[in-house]
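Kindly produce the complete structure, drawing on both the sequences and the hints.
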Amino acid sequence: MANVDRLRRAKGLTVGELLSRAGMTKSYYQSRAGFSLPYNTNDLEALAGALGVSPEELASPETAPRVEMRVPAAPLASRVRRLILARGATSDELLAHLDGIDPAAADSARTLLADGATSVVLDEEVLRLITQWGDVPTEYLTDYTDAAVTDRTDAELDLRDAMREAGASSIRFRALGEMSPDALRAIAQSLRNRPPAT
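Anchor point for the sequence shown: position 191 equals 175 in my numbering, and the numbering is continuous, going up by one each time.
Read the hints as simulated data drawn from the structure, not as lab findings.
Beta-carbon label-pair distances, calculated as ranges: (1) A170 with E1: 28 to 34 Å; (2) G36 with S164: 31 to 37 Å; (3) S62 with S174: 23 to 29 Å.
Quick caveat: nothing in here was measured; it's all calculated off a predicted structure. Just so you know, even glycine gets a beta-carbon here, dropped at the ideal spot from N, CA and C.
Okay, structure coming up:
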């Protein structure tokens, strides 16, 4: 998935353009991007064709060049802090997690979360690692201009907050399927408005 995202951005394609070229629906793609269903060889061929690469190149992320991107620090840092809050964690816990994987990733995340920067240059892999840790789609950080992904993810995070407030210890949001952001927010509101346990 990280390789698909890297190649898509290198070609200057939006997720919608990639899906149109590959002949995939957004729900089909997201089910595979969320690892709830595996890609098959037809999927790899369709994505490779849409990206203008061979299926072998698509399926070999270790051969893909690292992609550095300049990102606006404030909105991206705000989203990372939102993920930290939704996990009921701290910045130090995220940084320790990243440090265990790649100390350079932890340093990049630390730079992103530091106050005062207007933009930062990050290896895209850092953003992918953060979204994996936060259990949200990679596009929430790497394609932060995608309003549909943002709306859906923010609604999921709102529900996650409401569930934590109600006493749930964890939830896998991939299990929610294709509920609309409005439905997710309605469930969150319902949880917040329930009578207190006696």
